[in-house]
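Single-letter residue listing:
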Amino acid sequence: MIDNGLLVQMLIGALLGVSVYLPLAAGQLSLATPAFYAVGGTLAALLSTSWPALGAGPDGSLPLASFLLVLLLGGLLAGSLALLVGRLVLRLQGIYLAIATIALVEIVRVAILNLPFTGGAIGIFGIPQPFPTAAGYLLPALGLLALAGWVCQRLEVMPLGRAMAAVRNDELAAGCMGIDTTRVKLTAFVLSAVLAGSTGALAAHFLNTWNARQGSFDTAVTMLAFVILGGARSWLGPVVGGLLLTALPELLRPVGDGRLVLFALVILLGPVLFPQGLMTPALLERLGRLGERADQGEPQP
Amino acid sequence: MIEALLQTLLNGAATGGVYALVALGYTLVFSVLGVINFALGALFSLGGYLTYLLMGGAISANGALPGWGLPLPLALPFPLALVLAALLTGLASLVVERVAFSPLRRRNAEPLLYLITSLGAGLALVNLLQMLMGAEGYAFPAGALAGLPAAVVVGGARIRSVQVLLLAVCAAAVLALTLWLEHSRSGRALRAVAEDATTARLLGINSDAMLRLAFLVSGGLAGLGGGLIGVSISLPGPYVGIGYGLKGLAVLVLGGLGSVPGAIAGGLLMGLAEALVPGEASGWRDALAFAILFAVLLLRPNGLLGRRLVEKV
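First to last, the sequence lines map onto chains S and H.
The working numbering applies: residue 309 is where the first sequence begins, and numbers increase by one.
The working numbering applies: residue 10 is where the second sequence begins, and numbers increase by one.
Please keep in mind that the hints were generated in silico from the structure rather than gathered at the bench.
Heads up, a few of these hints could be off.
[Stated by the list, open to error] A few chain H residues facing chain S, derived, Cβ under 7 Å: (1) T126; (2) L128; (3) L132; (4) A133; (5) L255; (6) V262; (7) G292; (8) A296; (9) F299; (10) F303; (11) A304; (12) L308; (13) P310.
Bear in mind that the values here come from a model prediction, so they are computed numbers and not experimental data.
Even for Gly, the Cβ is constructed at its ideal location relative to N, Cα and C.
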């Protein structure tokens, strides 16, 4: 029931979940991830289809090095956009920030739909493939997720990550402690955008076609649901949430027409049944202790 | 020239009126509960479909009951169908409160969770509509507005009378809402709860009942909007309300969260701005509302008519 294609999609979901989690770890409810995902994907689709230097073959193949370069460029473009937009929107608080980022998502969507070179409603198709099968994408997707997880894990002990936690708990107090709250929030926002942009570039190649529908308001909410259902206290939460919730609509396929209703009910009931998410602080603590024991080479009970 | 402009402005005002209805729907719940009900767009769709069904419209071939429609003697004329559909949508809004809001409220959950549950409820409703009615668009039965002439002439400009109707119904709804909030006992109680729920409860106001009332009226306004858009344009599919819900959100912030005059002014402003987008650039029209919102948020972070929030430490 879970084939390689679905596994890649699940990993993409996990990556997007981590992207929504990063600003949230600094206390900022940003729904801008789909906008950066769309920007990264569009850039990748444009470059791979029409930049001859990347060396796309006539059989629709793409050298691996070019693919990795495009991933990097997608992340960089999204990150630069975030740097520009972030300075403006991060002055807003709470629900105002959420709505401003929804506005950003809609502006990007309409722009991709109407710009003369992005293929309109049909989008860009026939994107060259670096791998002959879906299985090939597993490795880069896993690699990207491992990188994102490593960064998040490092953040927990780095001054930047500590500062993000401080801003999340009390922005005013963090500012009084001498933390440059604007810089901390902006860094989290840009990191989130870079991850979303690279994920978009990966997804564009994997899907083989790219259009404006990839980044919309619905996807913004679904991605936030990844974080909330998985648990917003650690990066593992959005990973678990992203994997499960991306797989769910496919696993529900036998249900037929009602599957999207069921999926929506899961999103509706999730926060009611698991207010702390699946990866609760207590569970994370137990995982942490297991990890320590493994480090010390003690036998596990 | 002047006629064409007048025509454009009236069309814009009619659309703006619908945006204002949606924004007022958000405002009512926000002022009492402090959170945004993201299911409102789906309720807007529901209102449109209910109006269609109550008028005796038939379900399409892809729906759950292909070809079924209310038997003719039961089919209602448009005005009655519109009002009844708005009422039923209000009741559906109460169900949304029950499943998506009250479980969280009872345990004082953080506001972020309401965002997810209300959106989940909205998605469920939209997908349910798609299952029952199919994904295709519906045009309202011919003769929905049989009693009205196709167009009226105002100051030399020919205006579709359905646009005039839209504007009139929106204005009447907004006026009724304002009068109710300002002068009636229950309207004042609602405002008291919005001001300070604890004090209101100490004064003997049942704040839970007021909250349900806010949901009822808010859903009714969205349902009214859905029925009006259905009759004036058509229902392009179950997702129709999501777009209007998003525009309403932009209007809500434009006017300032929780401000009734702000929602009305913001709606009209947005509708007029969209109407003035020239035809060649019509693809960009949907981005205009959000571009305006963006600009306003950056210049006035609390909206045009919003109250300044003073943060207490």
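Verification of the hints:
Hint on T126 (chain H) holds. Least Cβ distance to chain S is approximately 5 Å, under the 7 Å limit. Hint status for L128 (chain H): holds, given a least beta-carbon distance of 5 Å to chain S, under 7 Å. A hinted interface residue such as L132 (chain H) counts as satisfied when its beta carbon comes closer than 7 Å to some beta carbon of chain S; here the least separation is about 4 Å, so the hint holds. Hint on A133 (chain H) holds. Least Cβ distance to chain S is approximately 4 Å, under the 7 Å limit.
The beta carbon of L255 (chain H) comes within 6 Å of a beta carbon in chain S, closer than 7 Å, and the hint placing it at the interface holds. At its closest, the beta carbon of V262 (chain H) sits 5 Å from a beta carbon of chain S; the interface hint therefore holds under the 7 Å criterion. Of the supplied interface hints, the one on G292 (chain H) holds, with its beta-carbon coming within about 4 Å of a beta-carbon of chain S, less than 7 Å. The criterion of a C-beta within 7 Å of any C-beta in chain S is met by A296 (chain H), whose closest approach is roughly 4 Å, and the hint holds.
At about 4 Å, the closest approach between the beta carbon of F299 (chain H) and any beta carbon in chain S falls short of 7 Å, and the interface hint on this residue holds. Taking 7 Å as the C-beta contact cut-off toward chain S, the hint placing F303 (chain H) at the interface holds, the least distance being around 5 Å. Checking A304 (chain H) against chain S: minimum C-beta separation of about 10 Å lies over 7 Å; hint violated. At about 10 Å, the closest approach between the beta carbon of L308 (chain H) and any beta carbon in chain S exceeds 7 Å, and the interface hint on this residue is violated.
Given the 7 Å rule on beta carbons, the hint for P310 (chain H) holds: about 6 Å separates it from the nearest Cβ of chain S.
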